[in-house]
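S.K.: Take the two lone chains and join them into the complex the hints point to.
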Amino acid sequence: MSILLAMQGALSQGVLWGLMALGVYITYRILDIADLTVDGSFATGGAVCAVCVVNGVDPILALLLATIAGAVAGFVTGFLHTKCEIPAILAGILTQIGLYSINLRIMGRSNTPLLKSDTLFKNISEMTGLSSTWTALIIGIIVSIVIVAILYWYFGTEIGSAIRATGNNEQMVRALGVNTSVTKILGLMIGNALISLSGALVTQSQGYADIKMGIGAIVIGLASIVIGEVIFGQKGNFAFRLTSIIVGSIIYRIIVAIVLQMGMNTDDLKLLTAILVAIALSVPVLISKRNQVAMYKKLTGKEE
Amino acid sequence: MLKIRNVSKTFNPGTVNEKKALNNINLEVHDGDFITIIGGNGAGKSTLMNMIAGVYPIDCGYIYLADKNISLLKEHQRAQIIGRVFQDPMLGTASDMAIQENLAMANRRGMKRGLRWGITKEEKEFFYKTLQRLGLGLEDRMTVKVGLLSGGQRQALTLLMATLKKPKLLLLDEHTAALDPRTAHKVLKITEEIVDEQKLTALMVTHNMQDAINIGNRLIMMHEGRVIYDVKGEEKKRLKVEDLLKKFEEASGDVFANDRMMLG
Numbered sequence: 001m002s003i004l005l006a007m008q009g010a011l012s013q014g015v016l017w018g019l020m021a022l023g024v025y026i027t028y029r030i031l032d033i034a035d036l037t038v039d040g041s042f043a044t045g046g047a048v049c050a051v052c053v054v055n056g057v058d059p060i061l062a063l064l065l066a067t068i069a070g071a072v073a074g075f076v077t078g079f080l081h082t083k084c085e086i087p088a089i090l091a092g093i094l095t096q097i098g099l100y101s102i103n104l105r106i107m108g109r110s111n112t113p114l115l116k117s118d119t120l121f122k123n124i125s126e127m128t129g130l131s132s133t134w135t136a137l138i139i140g141i142i143v144s145i146v147i148v149a150i151l152y153w154y155f156g157t158e159i160g161s162a163i164r165a166t167g168n169n170e171q172m173v174r175a176l177g178v179n180t181s182v183t184k185i186l187g188l189m190i191g192n193a194l195i196s197l198s199g200a201l202v203t204q205s206q207g208y209a210d211i212k213m214g215i216g217a218i219v220i221g222l223a224s225i226v227i228g229e230v231i232f233g234q235k236g237n238f239a240f241r242l243t244s245i246i247v248g249s250i251i252y253r254i255i256v257a258i259v260l261q262m263g264m265n266t267d268d269l270k271l272l273t274a275i276l277v278a279i280a281l282s283v284p285v286l287i288s289k290r291n292q293v294a295m296y297k298k299l300t301g302k303e304e
Numbered sequence: 305m306l307k308i309r310n311v312s313k314t315f316n317p318g319t320v321n322e323k324k325a326l327n328n329i330n331l332e333v334h335d336g337d338f339i340t341i342i343g344g345n346g347a348g349k350s351t352l353m354n355m356i357a358g359v360y361p362i363d364c365g366y367i368y369l370a371d372k373n374i375s376l377l378k379e380h381q382r383a384q385i386i387g388r389v390f391q392d393p394m395l396g397t398a399s400d401m402a403i404q405e406n407l408a409m410a411n412r413r414g415m416k417r418g419l420r421w422g423i424t425k426e427e428k429e430f431f432y433k434t435l436q437r438l439g440l441g442l443e444d445r446m447t448v449k450v451g452l453l454s455g456g457q458r459q460a461l462t463l464l465m466a467t468l469k470k471p472k473l474l475l476l477d478e479h480t481a482a483l484d485p486r487t488a489h490k491v492l493k494i495t496e497e498i499v500d501e502q503k504l505t506a507l508m509v510t511h512n513m514q515d516a517i518n519i520g521n522r523l524i525m526m527h528e529g530r531v532i533y534d535v536k537g538e539e540k541k542r543l544k545v546e547d548l549l550k551k552f553e554e555a556s557g558d559v560f561a562n563d564r565m566m567l568g
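Each protein sequence line maps, in turn, to chains A and B.
Everything in the first sequence is counted per my numbering, starting at 1 for the first residue and increasing by one.
Everything in the second sequence is counted per my numbering, starting at 305 for the first residue and increasing by one.
Excised from the complex, chain B in its bound form (with noise of 0.2 Å):
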């Protein structure tokens, strides 16, 4: 599905604050993968997640979609098939536009915009359905400015918006880093429920290392821009967060002192 291959990326190349952001990073995500990536920070995470997204060009090697290199499509080219969240929950959605135009602009993913009407009365039905099944009681505020709305209803609706087009590949960086640990909670089984009835293939970056072992069936951690472990299906299961940890300090050879992680 998505194949990785000897990508590096360097920000500012060449002054004193040279960062190598990604380097010859390899990954390969099959098809429907829910995988969980964790690290400290500056290991690279979200800078591979815009990667995929094309939000900053890749200095050198591959990237594959679907059977398709991506590797020099612009952001908005990879959109039309790449759903995302973001972990600022104001940046998924336009606040000066109701929910249900943003839902159209959504549903219009990878299809050409022209001068039909931008919201037909089909649509408007369809999201209402949609929007009831988040059990937030957004669909009777259809007419609504999202502007309005809190951080885990934006972010909840950003993740309806990312997946009402089924994307071939759902990225989620840090989408619930925002919110309070209750809505936190909410927004992930939401994505759960998403992810599993659409048979999705999601990356997910979070810093909560617990959700990182319950959810999705493969998990990687990466170190200064590598992929430094990777591990998938009954053996994830049976993780431990402290398993996590010594894997951690193992393979950098450094003791774990991100109080984000440990207290994840």
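For reference, chain A alone in the conformation it holds in the complex (with noise of 0.2 Å):
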């Protein structure tokens, strides 16, 4: 019974964070970024919804308050990489190590806890008379479809096309036209939006947000997306290997439910993701070299 309760909370998480691994999937695979302003951004977007929604603010309002707040953040890193040519990963460094005294500012403390407000969750729950996972899990789907949607949509644009393009061949971009600059300030900029949206779906869900709920959001944000290219492979169209990701997130939790039922410490979780990823990303190296060496003997026969 406990391990199915265990799936449920899995599903609806990994549908939650499943928002913060598409915006590192912008910055890390459409922009070939690697943007470490992501663990900041995710608390900013918790932190900005906690206090909102302290303080009376309409729950859906405070949402679209802290994607607001992490677009800003993601603004920040892409000034100080493209303008003031800072490398990339030093830019989101940075950004994170500054959100983080921004965040404590935020909430004037490390913790701010929502039992006695509404969440969008509550509501919800109470209006459905579902219960609480049920409900992370329908809402969590639903803005999902929508922001797969909207990214379906945007990227496919002429300023979308730009900034996959960006990505791709920068110097190709700036000959035909188009400013480099602003491609990528826009991408940061959506990815970090996602991250802190997803931040502020999982503060309201949780009933809290604490000061190191972003901590490693990254490298989680990175499970998610090498799962989801492991099991669909990087082939079919945009919505398609953006709902991958979503999966793999889910996947990444359930792996996650899994170890902790069979008696892993909590602490030892960060490990394990680490090392999860690692295996993921240099597994396919591994087997094409493999693959290459059994070619070769393969064509080349014994040795005379």
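Note that these hints are calculated values from the structure, not bench results.
All values reported here derive from a predicted model rather than from experimental measurement.
Heads up, the beta-carbon is just placed ideally off N, CA and C, and yes, glycines get one too.
Any given hint could be a false lead.
[What the hints assert, rightly or not] Covered by chain A, according to a simulated footprint, are these stretches of chain B (three or more residues, beta-carbon under 8 Å):
no.	segment
1	370-384
2	411-424
[Said to hold, decoys possible] Chain B residues, not near chain A, derived (Cβ > 10 Å throughout):
no.	residue
3	Met-305
4	Asn-321
5	Gly-344
6	Thr-434
7	Lys-472
8	Lys-490
9	Lys-503
10	Val-531
M.R.: Below is the structure:
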């Protein structure tokens, strides 16, 4: 019974954190930038949302404000990277560290509980009579569908195509008259907006925001991406690839739920995630090397 | 059309690696000129192209294009009116995107890119017809990713993209140097056709002296960041490779010992 409950929890968690993985996908895969703002902007989303909700702001408006806060964080990283020419990884780290203090300032303390406040999840749970995990799952799925649809449309537009091309071949994009600083900043803003939205949804669903909630988010995002890609491949249209990342995020949560059920210490989770990502990233390389050697041996035959 | 006035560029100034790439260069290009540029390695040919395109800032001087001072404009701003093809076939196209997506992006050169759909139905038909004229069979593979094309096909596509919206100036930086001779010949022919048809103003860097003589209406030779020889019209047509080699020796006081140019 407890494993079933854990699975339900994994499903809803996976969908809500899946939006964060989509944000990481936009910067890591589409823009080809390893953006480390994530850990900060996820918590920023949570912090902004929590403070808004505690102060009586409508929970949906709070999500929107959190999303905008994430976009601003992305803008800062993008500005540091493009206009000040700071390497992308360093620019992301700078924003991330800066956000730690800003998040504390926003909340005024390291943890903001939402016990007495209305959240989207509580409201819908009361309205429909469903359990909190089911509510979280349903809200998560609806938001995910809307976000995937918006991303599918946006990256098909003129400016969206230019952003995709920037991650592919920056020099060509400039030679076609596009300012790549703008496309990079836009991509980072969209990515971090999604990450913050995810942080805000997680905050409302778990009933509190915590200054440490974003730690390791980048690795969880990468884990979701590589799990999704390993299972569904990198083929298929854009909407399919985005969906496969959310599914990847769900599978990640299921793996976590299973190992916790098996008695693993929660403190070891981050190490497990790191190892998982390292394995998922290195396995394709090792397999292709092995295949290369196998083909050589097969085609060349025995040494004379 | 294009006026270059007293432009200089020094790389790594004040270090042991100091290199004067352009030395107070002056050049006037007229409307409809198709100029071939030759010169040894390090003569400043590519630097000249990059300075016109705005890849690096110039140290001093002026560059006017279509009566507009573009000396301080950024690369992407100049790209509104300049089309470019690079030496490396990988640089001119986005390999993870479809042929038609690449063309659609080129078709929006100089336009504001907003939230309209990235490619329209009319465009697809237009691209089909345009690709057909290349004669490479690309029109039936419009949704194929560019990464799957050969270097020659990619260069032809880049050329098409650079000229899809008629540019005020076309810059060709050794755009056939990475191709095998047969493919290089084909891409050159396509180049001539497009330039002729659209009556483009173009600069083409090449290491092949025969091509430099045969193609275009004007030829310039560069050495140590300066233009040392400038010839056009009938005089250019009568040139022979030996004349160019002699000219180079005269001007530079140096025996021309560049294998690549000799072989050309």
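S.K.: Against the earlier hints, flag every one the structure doesn't satisfy and list their numbers going up.
M.R.: none
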